[in-house]
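Chain C is already provided as a structure; the job is to place chain D on it using the hints.
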Amino acid sequence: GAGVSQSPSNKVTEKGKDVELRCDPISGHTALYWYRQRLGQGLEFLIYFQGNSAPDKSGLPSDRFSAERTGESVSTLTIQRTQQEDSAVYLCASSLGSRGAQTEAFFGQGTRLTVV
Amino acid sequence: QKEVEQDPGPLSVPEGAIVSLNCTYSNSAFQYFMWYRQYSRKGPELLMYTYSSGNKEDGRFTAQVDKSSKYISLFIRDSQPSDSATYLCAMITNAGKSTFGDGTTLTVKP
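Quick note, the sequences are listed as chains C and D, same order.
Counting along the first sequence from 1, when you hit position 39 you're at 39 in our numbering, and nothing is skipped either side.
Counting along the second sequence from 1, when you hit position 60 you're at 60 in our numbering, and nothing is skipped either side.
Just chain C, same shape as in the assembly:
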C-alpha cells in the first residue's frame, strides 16, 4: 500500500491478556516510530527503530511493553498482562533516513486498544 498500515484498527481485550499490534511501514522507510496517544492528549514516544541499529527503547513505560522489527519491514508492539491504563490509541509512523527526518514522518491510522 501507499501509506503506513496498522492492524487491527480496534482491539478490545481483557485485563491481564497479552496483545500484539502490527505496523507495516511505507516501503523503503528505514525509520519507524511507535507512539501512544491517550484520550485528549498528545503523542507519547515509545520506541524508535532505524535500520539494523539497536532501537531506542527509552519511551517504553514498563517491561510489559516490547517491540520488534526485522530490518526495514513490519514491526510489532507487544503489551503483556494488559492493564486498564494501557487503553489508548497506538500510532506507528515511518520516515526515510535518520531520526532528524521525523519532520517527514507519515503516520498510520492507529490501533485503538481498550482494556476491560
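In short, the hints are calculated from the structure, not lab data.
By construction, the Cβ of each residue, glycine as well, lies at the ideal position given by its N, Cα and C atoms.
Each hint should be verified, as a subset may be incorrect.
[Unchecked claim] DEER-style ranges, computed between Cβ atoms:
1. Ala95(D) with Thr78(C): 25 to 35 angstroms
2. Thr114(C) with Ser68(D): 41 to 51 angstroms
3. Gln83(C) with Thr107(D): 25 to 35 angstroms
4. Glu57(D) with Val12(C): 42 to 52 angstroms
[Unchecked claim] Going by beta-carbon spacing under 8 angstroms, a handful of chain D positions derived as facing chain C:
5. Lys42
6. Gly54
7. Gly101
[What the hints assert, rightly or not] With a straight-line cut-off of 25 angstroms between C-alpha atoms, the simulated DMTMM-like cross-links for lysine to aspartate or glutamate are:
8. Lys97(D) with Glu44(C)
9. Lys42(D) with Glu20(C)
10. Lys56(D) with Asp7(D)
11. Lys97(D) with Glu15(D)
12. Lys97(D) with Asp7(D)
13. Lys56(D) with Glu104(C)
14. Lys2(D) with Glu85(C)
15. Lys97(D) with Glu14(C)
Using the frame of chain C, we list chain D on its own:
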C-alpha cells in the same frame, strides 16, 4: 511542568475567521517545530514544519517560531469547515527527541 504546553481549547469559530493556535515550550534544545492536523479516528498528518526561528507560509497556513520567547503559533486564514480537527504542535531536538503538545480541537462552523 510539561516541556510543551499547548492552548487547550476547544476552539469554535465561524467560517472565514482567522484562527491562532499556540504552544510554549521550556526545552531550549528544540530545533524543529511542527504542526500536525488530526481528524477524528485518524493518524496525525503533518501540516508544516519550521527549523529554528522564523515564519513559514503555505497557502492559508502560517507557522511562526519565536525561540527567544519559546513560543510557536499556527495561523489559519479564511478558515473552512474542513479545517475542523485537532491540531498538535510537536518539537524535535537535533538528537531526534520529539515531544508533542496535547492538541487543540478546532471547530469551524459554516
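Structure-based check of each hint:
no., hint, verdict
1, Ala95(D) with Thr78(C): 25 to 35 angstroms, "holds (27 angstroms)"
2, Thr114(C) with Ser68(D): 41 to 51 angstroms, "holds (44 angstroms)"
3, Gln83(C) with Thr107(D): 25 to 35 angstroms, "holds (33 angstroms)"
4, Glu57(D) with Val12(C): 42 to 52 angstroms, "holds (44 angstroms)"
5, Lys42, "holds (6 angstroms)"
6, Gly54, "violated (15 angstroms)"
7, Gly101, "holds (5 angstroms)"
8, Lys97(D) with Glu44(C), "holds (11 angstroms)"
9, Lys42(D) with Glu20(C), "holds (20 angstroms)"
10, Lys56(D) with Asp7(D), "holds (21 angstroms)"
11, Lys97(D) with Glu15(D), "violated (36 angstroms)"
12, Lys97(D) with Asp7(D), "holds (22 angstroms)"
13, Lys56(D) with Glu104(C), "holds (16 angstroms)"
14, Lys2(D) with Glu85(C), "holds (20 angstroms)"
15, Lys97(D) with Glu14(C), "violated (33 angstroms)"
Hint violations for this structure: numbers 6, 11, 15, all remaining hints satisfied.
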